[in-house]
Amino acid sequence: AQSVTQLGSHVSVSEGALVLLRCNYSSSVPPYLFWYVQYPNQGLQLLLKYTSAATLVKGINGFEAEFKKSETSFHLTKPSAHMSDAAEYFCAVSENFGNEKLTFGTGTRLTIIP
Amino acid sequence: DTGVSQDPRHKITKRGQNVTFRCDPISEHNRLYWYRQTLGQGPEFLTYFQNEAQLEKSRLLSDRFSAERPKGSFSTLEIQRTEQGDSAMYLCASSPRGVTTGDTQYFGPGTRLTVL
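Residue numbers (this note's numbering), protein chains in the order written: chain S, 1 to 114; chain B, 115 to 230.
Calculated directly from the structure, the hints in this document are not laboratory data. All figures in this text were calculated on a predicted structure; none of them were measured in a lab. Any given hint could turn out to be false.
If you want the footprint, here are the derived chain S segments under chain B, 3+ residues with CB under 8 Å [said to hold, decoys possible]:
hint : segment
1    : 64-71
2    : 102-114
With a straight-line cut-off of 25 Å between C-alpha atoms, the simulated SDA-like cross-links for lysine to any residue are [as the list claims (entries may be wrong)]:
hint : chain 1 : residue 1 : chain 2 : residue 2
3    : B       : Lys171    : S       : Lys69
4    : B       : Lys125    : S       : Tyr39
5    : B       : Lys171    : S       : Pro40
6    : B       : Lys125    : S       : Val37
7    : B       : Lys171    : S       : Thr5
8    : B       : Lys171    : S       : Lys58
9    : B       : Lys171    : S       : Gly16
10   : S       : Lys69     : B       : Pro184
11   : B       : Lys171    : S       : Tyr25
12   : S       : Lys69     : B       : Thr218
13   : S       : Lys58     : B       : Pro210
14   : B       : Lys125    : S       : Pro114
15   : S       : Lys58     : S       : Gln45
16   : B       : Lys171    : S       : Ser26
17   : S       : Lys58     : B       : Lys185
18   : S       : Lys58     : B       : Lys125
19   : S       : Lys68     : B       : Lys171
20   : B       : Lys185    : S       : Glu100
21   : S       : Lys69     : S       : Gly16
22   : B       : Lys125    : S       : Asn41
Non-contacting residues of chain B with respect to chain S, defined by C-beta distances greater than 10 Å in every case (computed) [said to hold, decoys possible]:
hint : residue
23   : Lys125
24   : Ile126
25   : Arg129
26   : Asn132
27   : Ser141
28   : Gly156
29   : Glu166
30   : Arg178
31   : Ser180
32   : Ser187
33   : Phe188
34   : Arg195
35   : Gln198
Glycine residues also receive a C-beta, built at the ideal position from the N, C-alpha and C atoms.
Make a model of the complete structure from these sequences and hints.
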């Protein structure tokens, strides 16, 4: 069984400040890990993914995440927040075999303060 | 790629009515997934197709739910005798089946269902 915990359902940061969204996972097998972003009334868009290559993964819009096996974490960061980053962010895990269905966390709503 | 499309975008129905949603995946993507997202929650897996074969169904998918993917192209999700608890966003995603695993799932805009 696999699961994802996202600490902080709401995070607020000032424009230009560091963004840090936390994700911890549980998986009985080596996982694939994903971060998706969802804007209001839209579907999910992939930001980045970890599939057992480099542990530091760079994604779109300046986001990156680091896979830390010892901490079972995959936190999302961005050095400088932009107003357009305001959205809901979901961390997800899948097993690296079979149908690779995604198990999502409950999401973190990011608000950017001007 | 034109992306994953879903129709309708919004559906309001009365309790007890049947509803059907359609998903058109990215062409040549042979994997298709359905998820359900309720307010304040992340999406939850419902079912999965590899080409036209439905290979897994979640326990969330009661007998009132049925999904098909004829000819391995578009998919439909039908809910019979809708209940207020069925109100949610229904998301469709598709992915290629490449040589390596961990393929990205591309999501459609979703169908928001409201059951009165």
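Cross-check of the supplied hints:
no.: 1; hint: 64-71; result: violated (count 0)
no.: 2; hint: 102-114; result: holds (count 6)
no.: 3; hint: B:Lys171 with S:Lys69; result: violated (30 Å)
no.: 4; hint: B:Lys125 with S:Tyr39; result: holds (20 Å)
no.: 5; hint: B:Lys171 with S:Pro40; result: violated (28 Å)
no.: 6; hint: B:Lys125 with S:Val37; result: holds (24 Å)
no.: 7; hint: B:Lys171 with S:Thr5; result: holds (24 Å)
no.: 8; hint: B:Lys171 with S:Lys58; result: violated (33 Å)
no.: 9; hint: B:Lys171 with S:Gly16; result: violated (44 Å)
no.: 10; hint: S:Lys69 with B:Pro184; result: violated (41 Å)
no.: 11; hint: B:Lys171 with S:Tyr25; result: holds (23 Å)
no.: 12; hint: S:Lys69 with B:Thr218; result: holds (21 Å)
no.: 13; hint: S:Lys58 with B:Pro210; result: holds (22 Å)
no.: 14; hint: B:Lys125 with S:Pro114; result: violated (36 Å)
no.: 15; hint: S:Lys58 with S:Gln45; result: holds (15 Å)
no.: 16; hint: B:Lys171 with S:Ser26; result: holds (22 Å)
no.: 17; hint: S:Lys58 with B:Lys185; result: violated (37 Å)
no.: 18; hint: S:Lys58 with B:Lys125; result: violated (38 Å)
no.: 19; hint: S:Lys68 with B:Lys171; result: violated (32 Å)
no.: 20; hint: B:Lys185 with S:Glu100; result: holds (22 Å)
no.: 21; hint: S:Lys69 with S:Gly16; result: violated (30 Å)
no.: 22; hint: B:Lys125 with S:Asn41; result: holds (14 Å)
no.: 23; hint: Lys125; result: holds (14 Å)
no.: 24; hint: Ile126; result: holds (15 Å)
no.: 25; hint: Arg129; result: holds (24 Å)
no.: 26; hint: Asn132; result: holds (24 Å)
no.: 27; hint: Ser141; result: holds (18 Å)
no.: 28; hint: Gly156; result: violated (3 Å)
no.: 29; hint: Glu166; result: holds (15 Å)
no.: 30; hint: Arg178; result: holds (21 Å)
no.: 31; hint: Ser180; result: holds (18 Å)
no.: 32; hint: Ser187; result: holds (19 Å)
no.: 33; hint: Phe188; result: holds (16 Å)
no.: 34; hint: Arg195; result: holds (26 Å)
no.: 35; hint: Gln198; result: holds (21 Å)
Checked against the numbered hints given earlier, this structure breaks hints 1, 3, 5, 8, 9, 10, 14, 17, 18, 19, 21, 28; the rest are met.
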